[in-house]
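These protein sequence lines map, in sequence, to chains U and E.
Residues 1 to 158 (the UniProt record's numbering) make up the first sequence, in order.
Residues 1 to 750 (the UniProt record's numbering) make up the second sequence, in order.
Hints in this document: simulated from the structure, not taken from any laboratory.
Cβ-to-Cβ under 8 angstroms is the rule here; a few derived chain U residues that face chain E: (1) GLY41; (2) THR44; (3) CYS47; (4) PRO106.
With a Cα cut of at most 20 angstroms, we get these calculated DMTMM-like pairs of lysine to aspartate or glutamate: (5) LYS313(E) with GLU387(E); (6) LYS625(E) with ASP692(E); (7) LYS625(E) with GLU124(U); (8) LYS123(E) with ASP62(E); (9) LYS123(E) with ASP22(U); (10) LYS625(E) with GLU125(U); (11) LYS540(E) with GLU560(E); (12) LYS308(E) with ASP182(E); (13) LYS127(E) with ASP22(U); (14) LYS123(E) with GLU23(U); (15) LYS199(E) with ASP141(E); (16) LYS625(E) with GLU126(U); (17) LYS123(E) with GLU31(U).
In this text, a Cβ means the ideal position worked out from N, Cα and C, and glycines have one as well.
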Amino acid sequence: MAGIAVSTTINGDHAEFLCHPDETLLEVLRERLGLMGVKEGCGTGDCGACSVILDDRLVCSCLVLGAEAEGRQIATVEGMAQGDRLHPLQQKFLEHAALQCGICTPGFLIAAKDLLAKNPDPTEEEIRFGLAGNLCRCTGYDKIVRAVQDAASVMRGA
Amino acid sequence: MTFDPSHAARSFSSVGTRPIRPDGVDKVTGRARYGADFNMPGQLIGRILRSPHAHAVIRKIDTSKAEQFPGVKAVVTAADLPDLTDGDTSMYDILDNCMARNKALYDGHAVAAVAAIDARTAKQALKLIDVEYELLPHVTDVDQAFAADAPLINETIFTTGVDPKPDRASNVSMRSQFGHGDVDAGMAEADFVVARTFKTEQTHQGYIEPHACVANVSSDGTADLWVCTQGHFVYRQHCAQLLGLEASRLRVTSSEIGGGFGGKTHVWAEPVALALSRKAGRPVKLVMTRDEVFRATGPTSATSIDVKIGAMKDGTIIAADATLRYSCGPYAGSWAEVGAMTAFACYKLENVRTVGYEVLVNRPKTAAYRAPSAPMAAFAVESAIDELAKKVGMDAVDFRIKNAAQEGTKASYGPVYGPIGIGPTLEAVKNHPHMKASLGKNQGRGMACGFWFNFGGQTCTDLNIGMDGTVSLAVGTVDVGGSRASLSLVAAEELGIDYAQVRAVIADTSSLGYNDMTDGSRGTFSSSMATISAARNAIKILRARAAQMWDIPVEDVTWEKGHAVAKGETHGNLPNLSLKEIAAASGTTGGPIAGHSEIVADGAGVSFATHICDIEVDPETGATKVLRYTVVQDAGKAVHPTYVEGQYQGGAAQGIGWALNEEYIYGKDGRLQNAGFLDYRIPVCSDLPMIDTQILEIPNPNHPYGVRGVGETSIVPPLAAVANAVSNAVGVRMQHIPMSPPRILAALEA
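So that you can see chain E by itself, here it is in the shape it has in the complex:
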């Protein structure tokens, strides 16, 4: 029988409780091992030399002095990472990003690397590498890069998604369009129209743990990689392909991960560490500095977005239009398309059109950042929606309720929605006590909605039952924020045993089948589905073993609350057999008992949230203080509600930082000016209030327990919610994120 993932209403005994996480004690006692907390015998220390220029041809690299420096065991450049990508352009871009081949494309681009006996020696050796650059004109701003006369970053980029194909290269790598109906006719009919242009600046995921790995390539062709990553199977594939290794010969072990948020989804330094190890014949540990993390990894796009929305006098939105430009670093492949898909996803629209452009700039290659591209689109759309509600003369919440998408609505990006939570989150917000809290002078309240798809993907899980009746759950999705707890709850639920009898571990790439990475809010969604499937497979074996022990037909055995139960008149009086009793007998009934599952976890439930934010602006300094914040989000089914709340609160906090403070600041020279936590200021404890949460549970019909992904949606509304609050407080529509004090003062003075 194939696994049926559809939702069945049921009551839960483990799922929905809030036990202590299994990796908790190690994490509060300092014993948990993260990327940088692992060493190997004979290990060398690797360091990377990075370009100080935004755009330059690499004329020559002379590594001879560094190679001769005492203590240096290997120096590598692009010549040590030959192109094995065989026409796969996205892998070629990853290769080029790991180590610049012909041109340095941004300040921070790797150009060479050293492995030496210690960090001090490696650092000194970097200074002995002589790189001859020929500077080229650069461009770091998304609008300037979009312009026809901008310096060209990659002469092989011709805009895709336009017909006919352009006859000359440009910085626009892709155009994508979504929507339906007749937007122009709808807009002409509208009684009220709001048209605005918005900008958001580039931000970094800001995980506290810098990228770190230990690579060990043996002369027999096998290799091991210890690394902090959101997807060790994906890292294995990337590294194996770039290094010319067979995937099965490269074992990747994921360390505990100190935050990722999308920023640890593709390789940067890992192929370099492997290349150094291969050349030196010794293990190499490579840990980035914070400066490198900012200059060379992660960031999300900067954007420039035009929005136009028209409504009728009764408050019905008649047409919605947006053009969204997302910067993507010097390579094709930002998430612009996704921004265009999500922009109007919260609404029921007859006429809607979104056009997304990805734009090359001389900045680091962008990586996913929690619901990638959606927060900026939501900022623009939800700001315009707020303004339109005012023009129509409706309350901001009521206006959204009137136009909210429902089950059966054709989404602006194509599909027809099943049961969804946008309406319920809005109703919950309308009735929330937060909405009645009084506001003082210079204070304002804003609210905004957000949408994220969520993702399922390839998943493989093993559930092994020990002779003592305890359960080992081997999972392949990296645990970034407590998923081992939620998956242990799910295994306990399905088997009918105690949470304490299950131990979940993240298996390495040699111990489990392939798993996609922990992204797209899929960790608990997909691995819980695979865990349920694996548990059901184990139960089939447990029933068969019980039948064997009782010498009755297996059809007469059911599984209830952790026990095999004999049914039927002839043997209904047999005492139940516990999982422990069946496990203890396994040596004589057919050997070890295990359940396995290999699935593509289709049917991730889309996710909606609505946030409320109260702020106070100091009109003298332009500084903004968040006074109250409330998150309402649909979780489908909250497996471990405390960690679901944590996802809501964490996403909100990141969004608040983005809205008010965080931005990459580039100088005219194309160099990043604030590559550190002092000048790139993420929210600290004293910047934030308590963040109230309300979990709604509208079951996902495609998951046995109704689970939806919960990790990302919470970062989608905050930019808009904070901007609406600030706009309401100061009486000026804020159009540029972050709303740092200078921008607020400028808006007040304009």
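Excised from the complex, chain U in its bound form:
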């Protein structure tokens, strides 16, 4: 196979894989590494369900090649909880019922994590624009925004 050998770090753990030159990071994460928390809603960078943090940048993993992961740090939803302790965003999404079907939830959690890392005290408008790259069809976003506000407050206090 015309595979490219890639060595990378995913959720803090070393990972190695072979991939085709045109294979997306999304395909690698889901099909080669079994990280199925990363969802595919469109494959064209329009829905944000496949959001991951690449080094310190929020990206749609469907728009990144697997080969580009070489030497980088990747954070996915699978790495958010510490053992059995949920990340404050995960906890607040549950408490606020910020998910209905839940397919967009991993992408929202990652996008919100990235947002709060850069802006720990966002206004409602900053949250709304910060999450505008992620589509949710169930909730109308109300409870998502409230969950992020609440989590931000907890994280600032922590």
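Dock chain E against chain U, hints included.
Just chain E now, kept in the frame of chain U:
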């Protein structure tokens, strides 16, 4: 004793609380498995070849090159899905929609499929399939398709519902009429009349999860299907019939579902995946691309609606008339009839008539979309009602209150209403602080009402009590938005135990009796009724076991707060037995304890909502921003109020998207031009404000807890509420949805 579903006023300890959902942790940690998150050993990847033409005869399909391509294990066409529908025309249409037989009927219609060792190989193989098409004239617009000289899509369609039967085929598959009184005489008497024509464009349910399944047909005649669906029992029936399998030999497991909204209620790719698996002798995974989802699945109807309403000087509506044309894709069976039924359902009318037409077009076969057909009818009617209120000189809310249907009103679609919530939602809106918020330049406020029937249907539930006293609830209605939480609450309520002691799961088709799908706002309504019935059956056994343990007559044992209680002078001093104690003894008192329920959940309570919307229009760009939004809806009884609010907010958001942006855009060539989330733009977080909700609880007399369905009604008023707000802001009556910037600019310039 048969189960008595009638409402009894009671206080609740679990129902009405807001615990964390049982499937929540898996969904925030990425562990929940959706349609595409499942694999089988030795699995192949399936891909579907689709027609690029809107209307064409399929002359020939040559699959030989694809079959010989290395890594390809099966290629199927319609020849591999023989017609086993035995005169069932709606199943035949589903079959033809899954795989075109003689003609390709829309851009995106499946014509062949491949299973190969990986996606890359399957994709390459599709390009090697040679299809010879003979193009036919096409029509994609509902009004053009309705015209007498339109290209004919199906020569076997003769309009039903007209007398005498037409002597030639047309694109109008059905006419339906509802109403009562003398509309023409009423209209002649009216002091004020509003007559308008409205149009709405086709929208898609827009679930974020594309259709996905894994099919495995074994050579011994058994088969398994893993699939994201709103109704795995229905999928089993469809697939078994289309593939010629016995239903009991096909086990369907519903994955977690990433949104459906009506779009995952009938099969598309699943029979194809099964046919590929049968031919290849290996499991086949088939996941649609987003492009396929838009081009080949889902959409709701485009419509064209004439409305005429007359009122007297005192504000009484004297006559109401509507003609509604709904596109239905290239097959009969849209929801036009339902649009005609719902159009005037909010009002008390002496003279009312609605006529619905379903119209064939060269677009994808329509599927239900949340309260199917009602939002478009409500848009037309509620827009005309607003205009009429102005003519009469009454406030929009007061005018509606004056004419609102009540208990005892004969509905425009026939039945007489029981206790209903339209009046109370209007009163709540009238008193809502939202109505007093001040408006600035280029801003407008609109409100509108909506109605939806809700549905009950066949339901089967098992409640199994473990030896440790915890409860497993096996449910057959797919959980699309938190129903496992609400059903666990109901089981806890009825048994008198803690929510945490119940775990609800969605059972597969081999583990539970038949269930209708999760549609018609029936998931929590019907399965809660079945859960209550199952719990009561379990309690009968628990009481009998306690009686046995105490050696007293069962009539002397009652069930209170999770305990068997002995009554009567002779044994009233016996200490209560908890469910846990009775369960622990079950091995020596007669074996496992369980309650089962098989019901037709009749008596779904009709549902009403009233919405308020404030918007601002930018007169330079035509762009509209929603500033405030409020939903008031009757839930009967909110089992888990947070998820009820979520249904209200989600429906409102979908309706806002429909009102302002979303539409299928077809070119002159009959091809869909915006089959992706970039160009078919659903609302994003920055497009919307917080959506305020108010839950009213007017008990449904036909449910033990008073529950009504809550899932769909919330999408009915928004098109009209937003349109009324925009019309009020710009001073022009908006008659075409979506009110995208170009349409608003055109209306301003007209």
